[in-house]
Amino acid sequence: MSEPRAVIDVSGLPDVAFGSKNAVWWGTLGFMLIEGSTLAICAVTYFYLRRNFDPFPPGATPPPDLPLPTLSLLALLASLAPATLTSRAAKRFDAAGVRRWLAVGLVVMTAAVVLRALEFPALNTRWKSDAYGSIAWFTLGFHLSLLVVNLAESVVIAAIFFLGRAERKHFSDAADDACYWFFVVLVWVPLYVTVYLTPRFL
Amino acid sequence: MSDETLTTPGVAPPPTETELDARLALQRTWWRDAGPLRWLREVDHKAIGLRVVFTALTFFLLAGILAALMRTQLARPEHGILGPDRYDQVFTVHGTTMMFLFAVPVMMGLGLYFVPLMVGTRNIAYPRLCAYAYFVYLIGSLFLWISLLTNTGPDVGWFAYTPLSGPEYGIGKRPDVWAQTITFTEISMMAFAVSIIVTIFKQRAPGMSLNRMPMFVWTMLVTSFMVLFAMTTIATASIFLASDRLVGTHFFNPAEGGDPLLWQHLFWYFGHPEVYIIFLPGTGMVSLLVTAFARRELFGYTALVLATIATGFLGYGVWVHHMFATGLPQLGESFFTGSSLLITIPNGLQIFCWLATLWSGKLRVRAPLLFVFGFFFILVRGGLTGVMVASVAFDLQVHDTFFIVAHLHDVLIGGAVFPLLGAILFWWPKWTGRLTSERLGRASFWLIFLGENLTFVPMYVLGLRGMPRRQYTYLAASGWGPFNLLASAGAALLALGVLVYLANLVVSTRAGAPAGDDPWDADTLDWATSSPPPAYNFLRIPVVQGRYALWSRTADAPVVTGLALDRREVLVTSTLDATPQLRYELPGPTIWPFLAALGTGVTWIFGVFTPWGIVVGLALTGPALVAWGWPRRRRATEVRA
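Same order as they appear, the protein sequences are chains E and A.
Counting in this note's numbering, the first sequence runs from 1 upward without gaps.
Counting in this note's numbering, the second sequence runs from 1001 upward without gaps.
Heads up, some of the hints might be wrong.
[Unchecked claim] Have a look at the derived ranges for each label pair, beta carbon to beta carbon:
1) E:Val-44 <-> A:Glu-1078: 30 to 40 Å
2) E:Val-156 <-> A:Thr-1610: 27 to 37 Å
3) E:Phe-201 <-> A:Thr-1302: 29 to 39 Å
4) E:Phe-201 <-> A:Ser-1334: 33 to 43 Å
[Said to hold, decoys possible] Listing some non-contacts, in silico: residues in chain A with all C-beta distances to chain E over 10 Å:
5) Gly-1035
6) Ala-1237
7) Glu-1256
8) Val-1411
9) Gly-1479
10) Leu-1499
11) Arg-1583
12) Trp-1592
13) Pro-1631
None of these hints come from the bench; they were simulated from the model.
The structure displayed is predicted, hence computed values, not measured ones.
C-beta: ideal position from N, C-alpha, C; glycine also.
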């Protein structure tokens, strides 16, 4: 090289990216690992404690009711549609689209959270009844806390967009939020099977 | 890694602004806050990292004082310094502090400081999260120690076995303090771990492909992943324990279908990986020191990386060897004997790679390297006694005796504290710009080394002669007196060594010889910048040309240009090859992470006394979190409809 100092000029690189090019996306992935493994520990604990009960569910405890929890699961799955559309709009830098689908998403998500809060009685046991009740309530409660955190995060992002505070990077945040939303919803599917179906069918 | 990366996206003319202008602009942009709230608003990874390191070292000294108290009590039979109740609190807080408040935080703190420097970036990913995590760690630690000083210190052992720690036997608030401290500090370690992982994956300087990363960075990467899984387990388990105690759940209550052994499984599924979480960064430091003082490239870099990763995985497959005395099925015990023996293979491989490097290098024996020699000697003894207790029959004989106390201290002091003490001497010039005294460094090494051996070798004998752990005294007729006296004398020598070591640091900070940028002629990028480094770390982000960044750097080594000088911009590169991908703006100083940490503190501490504490704490934390992320500037985007 004849120049005194060769350089890599990065001024032409973008300042916003989506997915794995984006550092925040990797952080979101890290928190998914933390929360996913917490839920995995809940599932392991559930089956570990189950060995202590014969019959299962214990004593006169009926298995959990299915209608409301299933409705709540369907509401969660339905919220994936606005999440997908929010993410797509964000990747187009379409602020109107982000606002529209975030608003729809918030309505569906809020409905799902309310259904979840009403879902505890469907377990037909209480946290202080026995160890089975403890882990069933804990699993449901911990996942509810993830839903609430995700809902709060979505509310803040929606506020940033509706109040005209959005910069380019917030489109990336909106897409990451949708990605996390997918995680929180999909991780519930095996836990739904664990908490609601296995006492009845396994 | 191809040359193509180095020249992408093309060789441009040199930058137009002068070097001085660039330096001034960067200083303005990365300006470290002034004013009374500076300490609370700081987001610089070096400041936070050092803060974590010095907080952890303070707790090391405090827990060391507790150790000295115990050794004084045990120095002779039926000594009356500590009664049984106080002794229980002292050994519990000693172990809890050493494991949770010292060993893991000090490693994460060094990672926070050095990983961004070694990978060639301007700050850690998520600086505000790290600021938050520090305060959470500090509040949790103070909670434990204030509890001890007010006679509410946990007294159930550092692993807080149920049912002793459960609602039936763990009377009062003592075990709650333990459970909350654990949840607290582990949350902050997880936040540090995520920040370190993302920094390593996405902020490496161009050219630093994964196979060119320094070994210390590799060990911090594997450690951080282990933290994510291990700390999650213990945090969840301690929440189970807290809810058994506070809201009447039955996770560990056998009368209602719970299971005390579930606690042991969850605890050790965290607890054994914890050993490697502490040990692996130590191995990273050994690799750094061996490279620098043997003045040659590491023998078997690839083997060392693979051994580190293998240890990370195998570390999760050995936890039941802590539970051999619980009457688990024999087949299960045999499996865990096998897996425990298996993990010696990668660890042994590492030792041989370092020995080969030293053997074939041009050795400079300086004080930091002496600590590496001490590491070999003591760690190997700890490792070999570990192989002994991996055998079920032997383990049942020495379970809960001083043999185990000696083994675990050899592993942790040899495997982590010795490399740490060597590395701090090695890095002190980078932090302060001053060299430490070689004479005091050597003196402290010999005192600490002899003290360690004199303390713990007699404990092996005591264990084999049947002396149980966690007993505040013993009778003269037991015959344990002389060896206990020897161990206590060793502890005094060890303490003296630590004092000389500290004196060395203090004296050299005031009067040490100026160090310059790179006093050791070392190979990693942290030595390419001034000592101490400026807030922005590097005037220009370097382009890495080989595995040993400074040794392979040519005179016309390329640098990165085009990053904004007026914003806190860092370069994001691809995960495997470190090809430039993105310019990314990091957030600046703010008070909100501190306030969010205060809210978190209220949640956990007052949650011990009333469930309303959780409600009030979350009500305080939530708004602080929103304010933390709320955009400050009103800047219309061109894409906004």
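### Query
Checking against the hints above, which ones are violated?
1, 3, 6, 7, 11 and 13
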